[in-house]
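Let the sequences and hints guide you as you build the complete structure.
Here's the letter readout for the chains.
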Amino acid sequence: GQQLNQSPQSMFIQEGEDVSMNCTSSSIFNTWLWYKQDPGEGPVLLIALYKAGELTSNGRLTAQFGITRKDSFLNISASIPSDVGIYFCAGQRRATDSWGKLQFGAGTQVVVTP
Amino acid sequence: DTAVSQTPKYLVTQMGNDKSIKCEQNLGHDTMYWYKQDSKKFLKIMFSYNNKELIINETVPNRFSPKSPDKAHLNLHINSLELGDSAVYFCASSSRLAGADTQYFGPGTRLTVL
Chain V
18 GQQLNQSPQS MFIQEGEDVS MNCTSSSIFN TWLWYKQDPG EGPVLLIALY KAGELTSNGR
78 LTAQFGITRK DSFLNISASI PSDVGIYFCA GQRRATDSWG KLQFGAGTQV VVTP
Chain L
3 DTAVSQTPKY LVTQMGNDKS IKCEQNLGHD TMYWYKQDSK KFLKIMFSYN NKELIINETV
63 PNRFSPKSPD KAHLNLHINS LELGDSAVYF CASSSRLAGA DTQYFGPGTR LTVL
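Which chain is which? The protein sequence lines are V and L, in order. Going by the numbering used here, the first residue of the first sequence is number 18, and it counts up by one from there. Going by the numbering used here, the first residue of the second sequence is number 3, and it counts up by one from there.
Fair warning: there could be bad hints in the mix.
[Stated by the list, open to error] The calculated label-pair distances, taken between Cβ atoms and stated as ranges, are:
1. V:Ser27 with L:Val14: 27 to 33 angstroms
2. L:Leu85 with V:Glu58: 24 to 30 angstroms
3. L:Leu56 with V:Tyr67: 22 to 28 angstroms
4. V:Thr130 with L:Pro63: 38 to 44 angstroms
5. L:Arg65 with V:Ile30: 39 to 45 angstroms
[Said to hold, decoys possible] Straight-line alpha carbon distances no greater than 27 angstroms define the calculated BS3-like cross-link-like pairs of lysine-lysine that follow:
6. L:Lys73 with V:Lys118
7. L:Lys73 with L:Lys21
8. L:Lys46 with V:Lys87
9. V:Lys118 with L:Lys38
10. L:Lys43 with V:Lys118
11. L:Lys11 with L:Lys54
12. V:Lys68 with V:Lys87
13. L:Lys11 with L:Lys24
14. L:Lys21 with L:Lys46
15. L:Lys38 with L:Lys69
16. L:Lys69 with V:Lys87
17. L:Lys54 with L:Lys69
18. L:Lys54 with L:Lys42
19. L:Lys21 with L:Lys42
20. L:Lys11 with L:Lys38
21. L:Lys38 with L:Lys73
22. L:Lys24 with L:Lys46
23. L:Lys54 with L:Lys21
24. L:Lys54 with V:Lys87
25. L:Lys69 with L:Lys11
26. L:Lys42 with V:Lys87
27. L:Lys11 with V:Lys87
28. V:Lys118 with L:Lys21
29. L:Lys43 with L:Lys21
30. L:Lys42 with L:Lys73
31. L:Lys38 with L:Lys54
32. L:Lys24 with L:Lys38
33. L:Lys42 with L:Lys24
34. L:Lys24 with L:Lys69
35. L:Lys73 with L:Lys24
36. V:Lys118 with L:Lys54
37. L:Lys24 with V:Lys118
38. L:Lys11 with L:Lys42
39. V:Lys118 with L:Lys46
40. V:Lys118 with V:Lys87
No lab work stands behind these hints, which were simulated from the structure alone. Heads up, the beta-carbon is just placed ideally off N, CA and C, and yes, glycines get one too.
Shown next, in the form of structure tokens:
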């Protein structure tokens, strides 16, 4: 099946630092989504991107939909301890036979130290 | 005011047993999903229902049978449980009618097969 390559796999950063992660694909997607998962919880939607080139912010989070439609990145600025968790990218193609079928990246584990 | 809820949160059972997981959403969405998250945190879609009709059925053993009594509920029944079924199962929902691709996840059910 379609593979989404998410990197880095993990990040250990100090509080206050910025964090960047990205996802790439060999195929294009119509939608890119970024989720965060806390331990013992379900993924929570952070940012949704619907248009190539789109740059969207949500507080300290900024995500971009790559122009080629094959990649996306997520930045977290001035990290705080509660940013700890696993961040997932997910892509979706808006085809009739695959509507709703999200392809997930493997996740980026973020650890923030004081 | 829970949006997507699942029961039970934890399920520990013996190999060979049959068990069910229930999911309910109060978001008014018309599409619901089941995902499996393995020990490496990889999320993979299993099934999707739109207006009680099965629209996505990934390569899942037929021991897994989803049932959607109405748009707000999607249950997952698993027969003859195997050790490899141990995982966290997430329910999600979205609104296809509204043209929205964003999916909202439940808190997950951790299934342990002994």
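For each hint, the structure was consulted:
{"no.": "1", "hint": "V:Ser27 with L:Val14: 27 to 33 angstroms", "in the structure": "29 angstroms, holds"}
{"no.": "2", "hint": "L:Leu85 with V:Glu58: 24 to 30 angstroms", "in the structure": "25 angstroms, holds"}
{"no.": "3", "hint": "L:Leu56 with V:Tyr67: 22 to 28 angstroms", "in the structure": "26 angstroms, holds"}
{"no.": "4", "hint": "V:Thr130 with L:Pro63: 38 to 44 angstroms", "in the structure": "42 angstroms, holds"}
{"no.": "5", "hint": "L:Arg65 with V:Ile30: 39 to 45 angstroms", "in the structure": "43 angstroms, holds"}
{"no.": "6", "hint": "L:Lys73 with V:Lys118", "in the structure": "18 angstroms, holds"}
{"no.": "7", "hint": "L:Lys73 with L:Lys21", "in the structure": "22 angstroms, holds"}
{"no.": "8", "hint": "L:Lys46 with V:Lys87", "in the structure": "20 angstroms, holds"}
{"no.": "9", "hint": "V:Lys118 with L:Lys38", "in the structure": "13 angstroms, holds"}
{"no.": "10", "hint": "L:Lys43 with V:Lys118", "in the structure": "18 angstroms, holds"}
{"no.": "11", "hint": "L:Lys11 with L:Lys54", "in the structure": "24 angstroms, holds"}
{"no.": "12", "hint": "V:Lys68 with V:Lys87", "in the structure": "12 angstroms, holds"}
{"no.": "13", "hint": "L:Lys11 with L:Lys24", "in the structure": "10 angstroms, holds"}
{"no.": "14", "hint": "L:Lys21 with L:Lys46", "in the structure": "20 angstroms, holds"}
{"no.": "15", "hint": "L:Lys38 with L:Lys69", "in the structure": "16 angstroms, holds"}
{"no.": "16", "hint": "L:Lys69 with V:Lys87", "in the structure": "35 angstroms, violated"}
{"no.": "17", "hint": "L:Lys54 with L:Lys69", "in the structure": "8 angstroms, holds"}
{"no.": "18", "hint": "L:Lys54 with L:Lys42", "in the structure": "31 angstroms, violated"}
{"no.": "19", "hint": "L:Lys21 with L:Lys42", "in the structure": "23 angstroms, holds"}
{"no.": "20", "hint": "L:Lys11 with L:Lys38", "in the structure": "14 angstroms, holds"}
{"no.": "21", "hint": "L:Lys38 with L:Lys73", "in the structure": "21 angstroms, holds"}
{"no.": "22", "hint": "L:Lys24 with L:Lys46", "in the structure": "18 angstroms, holds"}
{"no.": "23", "hint": "L:Lys54 with L:Lys21", "in the structure": "21 angstroms, holds"}
{"no.": "24", "hint": "L:Lys54 with V:Lys87", "in the structure": "32 angstroms, violated"}
{"no.": "25", "hint": "L:Lys69 with L:Lys11", "in the structure": "19 angstroms, holds"}
{"no.": "26", "hint": "L:Lys42 with V:Lys87", "in the structure": "24 angstroms, holds"}
{"no.": "27", "hint": "L:Lys11 with V:Lys87", "in the structure": "36 angstroms, violated"}
{"no.": "28", "hint": "V:Lys118 with L:Lys21", "in the structure": "25 angstroms, holds"}
{"no.": "29", "hint": "L:Lys43 with L:Lys21", "in the structure": "22 angstroms, holds"}
{"no.": "30", "hint": "L:Lys42 with L:Lys73", "in the structure": "31 angstroms, violated"}
{"no.": "31", "hint": "L:Lys38 with L:Lys54", "in the structure": "20 angstroms, holds"}
{"no.": "32", "hint": "L:Lys24 with L:Lys38", "in the structure": "14 angstroms, holds"}
{"no.": "33", "hint": "L:Lys42 with L:Lys24", "in the structure": "24 angstroms, holds"}
{"no.": "34", "hint": "L:Lys24 with L:Lys69", "in the structure": "9 angstroms, holds"}
{"no.": "35", "hint": "L:Lys73 with L:Lys24", "in the structure": "13 angstroms, holds"}
{"no.": "36", "hint": "V:Lys118 with L:Lys54", "in the structure": "17 angstroms, holds"}
{"no.": "37", "hint": "L:Lys24 with V:Lys118", "in the structure": "21 angstroms, holds"}
{"no.": "38", "hint": "L:Lys11 with L:Lys42", "in the structure": "19 angstroms, holds"}
{"no.": "39", "hint": "V:Lys118 with L:Lys46", "in the structure": "9 angstroms, holds"}
{"no.": "40", "hint": "V:Lys118 with V:Lys87", "in the structure": "16 angstroms, holds"}
In this structure, the earlier hints numbered 16, 18, 24, 27 and 30 are contradicted, and the remaining ones agree with it.
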